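Let's have the full structure, built from the sequences with the hints guiding it.
Residue-level listing of the chains:
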Amino acid sequence: MSASRLPRIIGLLALLVVGCALPFVLSNFRLFQFSQVYIYAIAILGLNILTGYNGQFSLGHGAFYAVGAYVSAIMMDRWNIPYGWTIPVAGVLCLIVGFLFGLPALRLEGLYLALATFSLALAVPQILKYFEHWTGGSQGIVLSKPNAPFGLSLNPDQWLYFVTLGVLVLLFWLGANLLKGRIGRAIVAIRDNHIAAEAMGINTALYKSLVFGVSAAYTGVAGALSASVIAYVAPDSFNVFLSVTLLIGSVIGGLASISGAVFGALFIQFVPNWAQDISKAAPWAIFGVFLIGFMYLMPFGIAGGMRLLWIRATRSRVQQEGRSAVPTQAHTTT
Amino acid sequence: MSTLLEVQGLEAFYGRTKALHGVSFSMAKGGITTILGANGAGKTTTLRAISRMVRTTGTIRFENEALERKATEDVVQLGIAHAPEGRGTFVHLTVEENLKLGAWGRRERGNLKDDFERVFAYFPALRERRRQAAGTLSGGEQQMLAVARALMLRPRLLLLDEPSLGLAPLVVREIFRILKTINQTGVTILLVEQNAALALDLADHVFLLETGRVVMEGPSDVLRKDDAIRRAYLGY
Amino acid sequence: MDIFIQQVVSGLATGGIYASLALALVMIYQATDVVNFAQGELAMFATYICWSLINEGMPYWAAFLSTLAIAFAGGIVIERVVIRPVENAPILSIVMVTLGLLVICNSVAGWIWTYVQKPFPSPFSANPFKAGNIVLGAHDLGQIEVTLLVLLCIYLFFRFTPLGLAMRAAAHNPVSSRLVGIRVGWMLALGWGLAAVFGAVAGMMVAPVLTLEPNLMGGVQIYAFAAATLGGFTSPGGAVLGGFIVGVVENLVGTYVSFIGTELKFTVALAMIIVVLLVKPTGLFGSTVVKRV
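Protein chains in written order, with our numbering: chain B, 1 to 334; chain W, 1001 to 1236; chain R, 2001 to 2293.
I should point out that these hints are in silico values taken from the structure, not numbers from a laboratory.
Incorrect hints may appear among the rest.
[Said to hold, decoys possible] Over 10 Å on every C-beta distance to chain W, these chain R residues come out as not near it, computed from the model:
#1 PHE2004
#2 PHE2064
#3 TYR2115
#4 GLU2145
#5 CYS2153
#6 ILE2154
#7 TYR2155
#8 ALA2169
#9 SER2176
#10 LEU2179
#11 ASN2215
#12 GLY2219
#13 LEU2252
#14 THR2255
#15 LEU2278
#16 PHE2285
[Claimed, not checked] Looking from chain B toward chain R, a few residues come up when the C-beta cut is under 8 Å (computed):
#17 LEU115
#18 LEU122
#19 ALA205
#20 PHE287
Computed from a prediction, not measured in an experiment: that's the story for all the values here.
Every residue gets a Cβ at the ideal spot worked out from N, C-alpha and C, and that includes glycine.
What follows is the structure in structure tokens.
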């Protein structure tokens, strides 16, 4: 079914080597941008797991991103806890929050779940501003970037780049293993036909809530990382626009795809900048054109488009399934 | 007797799967032809091919007009009415609205009142329920509605997909009796059926499909006496 | 009591706007399962076109009707040109396209007409209407009349004309519609055209109150979502009723509950959405679609 794994592993290792070399080549600002890309990729992978692989629509993942960011910020700012510890704590907390949110969400499907999460996303900045005592209100919390440990001669931007890259590799590896095994198949089965999945003995309620939790955990970790990388958290950074951006990144990259998360992150980080270069007067119009254009050319996302090209190039047979709400293809994973 | 419909080398595809492998047949004007076969033989696909609901290669000629490049809506305008598998009723609309929609594809609209009268004469039960939502009708009544809606087109060719499906034997017999009457007014009928006994009774020409190919064809009274068919499809 | 009545009428006026936009959203959703996120922005764009026509000297109602015609044509063109290429794509991909339309509309409007707020005229007299102690704004009353008129016309169209019937059929069962000869694609385009008209009406009615700027419809669209959720995304009539209810509730809560200031502007809408989704997700008049496995 899949081509020999060796070329793929070699390819990934090569990318990793290139990734590790970048801090010594690029400016601090570019490193900051790439750290942001890795952070978005982690968040988008979280969203992919929920929406792409499990079929639950979320227009509110910015909320979990915010929770992760604020948990990390408050721990660093209030209790002087080193940033390194805040990240797993944010992850676990979001896992619990996500799971708890997933329970009532079980009753909602498709459009209705999208509406519920959309409302959640809208409410986030207001909730953050309301709990001023903890969150610092509209002014947010200013943080400082951590220095490299063990006296390594890396500046904070370089060090944070390696941190985000490391977390990315770890979480992607975990995610790939999760999705390729039995659990992954169960998750996809629930997406494709949850009644049949239930009939086959899969505890859909438990799985769906757990997937929500895991998805939230990924996005929460991303948020926690962003608190350190940007060194500032404020309520208005976590508005509905963030949730929509993550969803855009997810669909553009390829919903039921791990590598798609990286493509999507690259898109949402860099295309707005290109759009600004193309037109100072109406940059978002250019972004919109890019967005629509990508959907025309690659309705299954970049990862999906690449897969199609690969299949056409190697001329294997593919069954085209009927239309589904979630852009997916017959064979998922990387 | 002139040829109304002629199909040559018809292949039909669902995605990359081929469902019909070169089906050829022709239908005379005014006749009733039935397509028999097991589940998955390609009977419904054949009707869908004529209605242009599925991708095909090969030729389909209706009264000497080629259908291959036409869209479903155009085929309807030529006078081919298709009552699909599962009736295809507009369940939230009333019986009357369903019937009105049946006439949408007509080239010459004219007065619908006469058509309504004609259709209610065939199916009095529909007249009683004309303002009811179609979804509240019984299975038999919905099948009658499907046929009635097709008749509103004043079609020259009527495609019927498994009208007996899920209906009580008495209701089915009634519907088939009405189909015979309709045919006598000059409507050519192409009928897909699993209920072979009834179909053989009604039709004058039969052909048998097996995994997308025509394996046998001929006049119905000849095939009815064929041992192989009797055993395989009539059960005795 | 007088204040209560005034607030109810005022609420009905804004409710009419939510109802119009909600109807647009529900129409397209019913036919395609897609929520058109760009509906509000398209309405804003149409409102700007009306503003430009009035600025060129056209009398109000002539500009109003011309804008409706332009919006109708625009909606059809957008469906045929922008949406049609992806009509068979997964739903989220189509939603992405509507998001793209949203940002394009917003950005282009800002580029053409700048972000400076512009006053938009109201066709109704400035004199309030008095009945005893009750004072009702003329614009509010006029708004309610216009909304009701438009809704009435649409109801009559769908209920009694053959084209309306065909559109209903195409939204409800596209496969069977093709089998009776309805060109489903064009019915869809007409649906988008009509939705654009409703949006334009909403925009032109709300602009005098909120002042015209590219972000005019942002908040309105959220209330329209609340209206459609309350009434039921599968029920046009429900969405309309939902709009009026949301408008009245918003106004009454704003009047009688003291701590809802402008900071918590959307709270009412969001609270309504969450409550409806928890209790009956399909809304007051919506129905669950039973799918066979």
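Assertion that GLU2145 of chain R lies farther than 10 Å from chain W (Cβ): 31 Å, holds
Claimed clearance of chain W by ALA2169 of chain R, with the beta carbon kept past 10 Å: At about 5 Å from chain W, ALA2169 of chain R fails to clear the 10 Å cut-off, so the statement is violated.
Given a cut of 8 Å on the nearest C-beta pair, is the interface hint for ALA205 of chain B held or broken against chain R? Constraint on ALA205 of chain B not satisfied, violated at 17 Å.
Whether LEU2278 of chain R stays farther than 10 Å from all C-beta atoms of chain W, as the label says: The claim holds: LEU2278 of chain R sits with its nearest Cβ about 27 Å from chain W, beyond 10 Å.
Status of the stated non-contact between ASN2215 of chain R and chain W (beta carbon gap over 10 Å): 38 Å, holds
Given as non-interface: CYS2153 of chain R, which should sit over 10 Å from chain W by C-beta: Nearest chain W Cβ is 20 Å from CYS2153 of chain R, so the label holds.
Under 8 Å is the threshold here; is the Cβ of LEU122 of chain B close enough to any Cβ of chain R for the hint to stand? 6 Å, holds
Beyond 10 Å on every Cβ pair: is that true for TYR2115 of chain R relative to chain W? For TYR2115 of chain R, whose nearest Cβ neighbour in chain W is about 45 Å away, the distance exceeds 10 Å, so it holds.
Checking the smallest CB distance to chain W, is ILE2154 of chain R really beyond 10 Å? Correct as stated: the minimum Cβ-Cβ distance to chain W is 17 Å, above 10 Å.
Status of PHE2285 of chain R, Cβ more than 10 Å from any chain W Cβ: Consistent with the label, PHE2285 of chain R stays out of reach of chain W, its closest Cβ about 13 Å off (over 10 Å).
Outside-interface status for PHE2004 of chain R - nearest CB in chain W farther than 10 Å: Consistent with the label, PHE2004 of chain R stays out of reach of chain W, its closest Cβ about 39 Å off (over 10 Å).
Regarding the assertion that PHE2064 of chain R does not contact chain W, is the least Cβ-Cβ distance greater than 10 Å? Consistent with the label, PHE2064 of chain R stays out of reach of chain W, its closest Cβ about 33 Å off (over 10 Å).
The structure does not agree with the numbered hints 8, 9, 10 and 19 stated previously, though it agrees with the rest.
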